[in-house]
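Using the sequences and the hints, build the whole thing.
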Amino acid sequence: MIIKFETDNYLKLEPSKERRPLVLIAPGGAYLRTASREAEPVRDAVQKAGFHAGIIYYRETLLPHPQAAAELARFVAHVRKNADHFNIDPGRIALLGFSAGGHYVASLGVDWEEYGEEARPNALLLAYPVITGKKGLAHEGSLKNLFGKITPETRKKFSLERRAGKHTPPTFLFHTEEDLAVPCENSLLFFEALRKAGVPAEIHVYREGPHGLALANSVTPFEGEDPLAFEKKYARVAGWVELAVGWLKKTFDSSEESF
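Residue numbers (this note's numbering): 1371 to 1629.
Be aware that one or more of the hints could be misleading.
Unchecked claim - Below 27 Å or equal to it, Euclidean Cα-Cα: the simulated DSSO-like pairs (lysine-lysine) are:
(1) LYS1504 <-> LYS1566
(2) LYS1504 <-> LYS1526
(3) LYS1619 <-> LYS1566
(4) LYS1519 <-> LYS1505
(5) LYS1519 <-> LYS1504
(6) LYS1514 <-> LYS1374
(7) LYS1620 <-> LYS1536
(8) LYS1602 <-> LYS1418
(9) LYS1505 <-> LYS1566
(10) LYS1387 <-> LYS1620
(11) LYS1536 <-> LYS1566
(12) LYS1526 <-> LYS1566
(13) LYS1418 <-> LYS1387
(14) LYS1451 <-> LYS1382
(15) LYS1620 <-> LYS1566
(16) LYS1504 <-> LYS1514
(17) LYS1620 <-> LYS1519
(18) LYS1418 <-> LYS1620
(19) LYS1620 <-> LYS1451
(20) LYS1603 <-> LYS1418
(21) LYS1451 <-> LYS1418
(22) LYS1451 <-> LYS1536
(23) LYS1527 <-> LYS1504
(24) LYS1526 <-> LYS1505
(25) LYS1451 <-> LYS1619
(26) LYS1527 <-> LYS1505
(27) LYS1526 <-> LYS1514
(28) LYS1382 <-> LYS1619
(29) LYS1387 <-> LYS1603
(30) LYS1619 <-> LYS1418
(31) LYS1504 <-> LYS1536
(32) LYS1536 <-> LYS1526
(33) LYS1451 <-> LYS1374
(34) LYS1418 <-> LYS1382
(35) LYS1519 <-> LYS1536
(36) LYS1418 <-> LYS1374
(37) LYS1527 <-> LYS1566
(38) LYS1619 <-> LYS1536
Source of the hints: derived by calculation from the structure; they are not laboratory data.
Right, dumping it as structure tokens:
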């Protein structure tokens, strides 16, 4: 089922056969495109882990700030209002974002109060996320694609660690130290802001691995790489998926939220 509003952006989500928590996935792509390696393979892994999952294709129309986050808020509110139709638990909706997709979902995580309770995610999972606009740490392409220009003011607005607080949902983060495209300080800054605010958060930073590993297994190798060799090379990093699933199940099990 395709869910869309005034733009060409859409959420792909089918009704679940049994009532489950929901994970909405936002692939990376520098706020310019949707990375296929972080889309359907991730959805399949999430569903295999016992969750229902949908994919947000949020750059078919290149919405600027703040319209991008506002549209995401509408997607979340829509599936929550129609929880019975999709057979999902409206009190257990998580957002999973990769790279710029991490910035996209974390933007709603810090700004959901602007859109109302129905748009609030119950948890965030951020894989090598773009977070900050600080010089030397920012992913300049994502910043420019979202705001149209790079200025001291847009750097501040882009920096989600500045707006994280007690209202931000519990968050899981994963990054690699060798990530040169989006330095791991992006995750560290967000984690530290959450820690100071008393928000439940967990972070895993692996030493090895470049940006964009996705599941880090044979299903999501980089283009031109042998799948089995890729899986062997990043076997340790692939453990982030099991850690994230375990964290999310524990977070949802301890939650008493309902809608």
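Hints, verified against the model:
no. : hint                : result
1   : LYS1504 <-> LYS1566 : holds (20 Å)
2   : LYS1504 <-> LYS1526 : holds (8 Å)
3   : LYS1619 <-> LYS1566 : holds (24 Å)
4   : LYS1519 <-> LYS1505 : holds (14 Å)
5   : LYS1519 <-> LYS1504 : holds (14 Å)
6   : LYS1514 <-> LYS1374 : holds (25 Å)
7   : LYS1620 <-> LYS1536 : holds (20 Å)
8   : LYS1602 <-> LYS1418 : holds (22 Å)
9   : LYS1505 <-> LYS1566 : holds (23 Å)
10  : LYS1387 <-> LYS1620 : holds (23 Å)
11  : LYS1536 <-> LYS1566 : holds (9 Å)
12  : LYS1526 <-> LYS1566 : holds (19 Å)
13  : LYS1418 <-> LYS1387 : holds (13 Å)
14  : LYS1451 <-> LYS1382 : holds (16 Å)
15  : LYS1620 <-> LYS1566 : holds (22 Å)
16  : LYS1504 <-> LYS1514 : holds (13 Å)
17  : LYS1620 <-> LYS1519 : violated (41 Å)
18  : LYS1418 <-> LYS1620 : holds (17 Å)
19  : LYS1620 <-> LYS1451 : holds (24 Å)
20  : LYS1603 <-> LYS1418 : holds (23 Å)
21  : LYS1451 <-> LYS1418 : holds (25 Å)
22  : LYS1451 <-> LYS1536 : holds (25 Å)
23  : LYS1527 <-> LYS1504 : holds (11 Å)
24  : LYS1526 <-> LYS1505 : holds (11 Å)
25  : LYS1451 <-> LYS1619 : holds (23 Å)
26  : LYS1527 <-> LYS1505 : holds (13 Å)
27  : LYS1526 <-> LYS1514 : holds (13 Å)
28  : LYS1382 <-> LYS1619 : holds (23 Å)
29  : LYS1387 <-> LYS1603 : violated (36 Å)
30  : LYS1619 <-> LYS1418 : holds (13 Å)
31  : LYS1504 <-> LYS1536 : holds (23 Å)
32  : LYS1536 <-> LYS1526 : holds (20 Å)
33  : LYS1451 <-> LYS1374 : holds (15 Å)
34  : LYS1418 <-> LYS1382 : holds (17 Å)
35  : LYS1519 <-> LYS1536 : violated (30 Å)
36  : LYS1418 <-> LYS1374 : holds (26 Å)
37  : LYS1527 <-> LYS1566 : holds (20 Å)
38  : LYS1619 <-> LYS1536 : holds (21 Å)
Comparing the model with each numbered hint stated earlier shows that hints 17, 29, 35 do not hold.
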